[in-house]
Amino acid sequence: MSKLTHLTMTEARDGLAKGEFSARELVQAHVEAVEACRSLNAFITETPEQALDGADASDARRRKGEAGALEGIPLAIKDLFCTFDVLTTAGSHILDGFKPQYESTVSANLWSAGAVMLGKTNLDEFAMGSSNMTSFYGGVENPWRRTGSNEPLVPGGSSGGSAAAVAARCAMGATGTDTGGSIRQPAAFCGIVGLKPTYGRCSRWGTVAFASSLDQAGPMTRSVRDAAIMLGGMAGHDAKDSTSVNTPVPDYEAAMTGDIRGLKVGIPKEYRIDGMPAEIDGVWQQGIDWLKAAGAEIVDISLPHTRYALPTYYIIAPAEASSNLARYDGVRYGLRVPGDSLDDMYEATRGEGFGAEVKRRILIGTYVLSAGYYDAYYNKARRIRTLIANDFKAAYEKVDVILTPTAPSAAFGMGDKMDDPVAMYLNDVFTVPASLAGLPGISLPAGLSGEGLPLGLQLLGQPFEEGKLLQVAEVLETAAEFKALPQIIS
Amino acid sequence: MAVDKDTVARIAHLARIRIPEEQQDALTGELTEILNWVEQLSELDTEGVEPMTSVVAMSLPQRKDAVTDGNCVDKVLKNAPEGAHGFFAVPKVVE
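In order, the protein sequences belong to chains A and B.
All letters in the first sequence, in the order written, are residues 1 to 490 by the numbering used here.
All letters in the second sequence, in the order written, are residues 1001 to 1095 by the numbering used here.
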């Protein structure tokens, strides 16, 4: 039965429909895979009983002819999504013991479509990080190793547990969230597909907030078609999130025609940054060649404010975080550290409950929002955000999609870059600009580095054109023929 | 822009986060490094550029001003570290 864990979601959907195996068998195989990969630390909470009960319920629905679009598909959920009565930690000590009494809209949508939960995946604390090393529950190991080396590597972050679980064939897909690259960068590091939809496409209700003007949930899967299926199950309007957009969810699979002749692909010159490894440049050129061979037209474009995107992000995201994380005060949920007065209790709880990176960001956010600095930092950053969004608008008058590398390197060692916050922030240099502009982006595995690690290519699209992104991504996927398996299962 | 230890202590108090004395020097250095790095934004002329408020052009939806939720005190209090008589309990704030 172990082979069941190597199927794509699409193949499992077909196998279940034909009755080749049951949801119970499929889910059982994945429950065992989750157990077998515990050394990765990809899950904070495993929910095997819920998974198997869910599988039985799914089989019963199918017998009655009520199968949904994701019927019987076992998924992992990033531990940033509130799940009813199941521990939800956001990777933080401050949410100790928190069992939400409600379900996030995105996960509820997936369960309505028939999917089954395997457990909650590890992440950087409050999704703040690019390595998964800031989690209170410890780092996650990337299922991949460099050729001939046993050094454990990071899976990227913040959705590192989700990426590792999908790459290690523990889950057919996983939810992620992306604020500045937290779906796309770990997808690239782990050799899987990660899609960040347009801001507003998936409801943020019930997802622990980091930076509300940027946060967006999306699917992490092993194929482009799987991402299309899973996004269809996650997306949709939600009256409980006032920024959720009220436009119909298209049939994403129908958009994947395989034909991109005449489509215009932009190559932004500002993404050719100093010191970029030759093999990142190489995989980018390879992607350009593949698209050209498929009949697309390659157009050189300029996104002039690209170099300001990261510093802009590191004002806006901490500012919003400092406000969002004010709610963790030891009163309503999670950790409480006693104090002599109310203020004393707040300071003791937050001092002990937050980790170093979260504290840094709350303090930066508090500083840039404080009297005297608000205009110089926060308003300045919001103005530059407008310029960055305008860069993309101008580019999309000339092109349909934009192709870039996903990250400036392959996965790095656990513990590397930990003593230099700014060096860690540079991981997101290619993903942050589109986040600031609210645009959809997808990362897919395009090849292996000289050391045998996956490298990702990123496609960026126009607002609510996820279908077109998936269409182009599938063409790249077909050309790339990425079949390599991580060491842990090969 | 360098911040000093007193400024860090003041922000930490504003944010209600206790930073032990022995961590304040290191944190002051890290925050200074980050602020120096974002300082490059000042070289860009943003005169006349509107600050972005929303990435998606949409007007905020409105709903009927009616009660749509409630009667779930038990659920609300379920995760409270301390609750009493249907309320959250905190250290004494009034003598």
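Derived from the structure by calculation, the hints contain no laboratory data.
Keep in mind the model is a prediction, meaning the values are calculated, not measured.
Do not rely on the hints blindly, as some may be mistaken.
Cut-off 20 Å, straight-line C-alpha distance, at most; resulting in silico cross-link-like pairs (SDA-like, lysine to any residue) [stated by the list, open to error]:
| hint | chain 1 | residue 1 | chain 2 | residue 2 |
| --- | --- | --- | --- | --- |
| 1 | B | K1092 | A | D340 |
| 2 | A | K393 | B | S1054 |
| 3 | B | K1075 | A | A60 |
| 4 | A | K99 | B | M1058 |
| 5 | B | K1075 | A | K393 |
| 6 | A | K240 | B | A1066 |
| 7 | B | K1092 | A | S242 |
| 8 | A | K393 | B | D1074 |
| 9 | B | K1075 | A | S242 |
| 10 | B | K1064 | A | V331 |
| 11 | B | K1005 | A | D340 |
| 12 | A | K240 | B | G1070 |
| 13 | B | K1078 | A | Q101 |
| 14 | A | K468 | B | S1054 |
| 15 | A | K240 | B | K1075 |
| 16 | B | K1092 | A | D343 |
| 17 | B | K1092 | A | S341 |
Non-contacting residues of chain B with respect to chain A, defined by C-beta distances greater than 12 Å in every case (computed) [unchecked claim]:
| hint | residue |
| --- | --- |
| 18 | L1027 |
| 19 | T1053 |
| 20 | D1065 |
Where is the CB? At the ideal position from N, CA and C, for every residue including glycine.
Practice problem: Taking the numbered hints from earlier one at a time, note which ones the structure violates and give those numbers from smallest to largest. | Solution: 3, 4, 5, 7, 8, 9, 10, 11, 14, 18, 19
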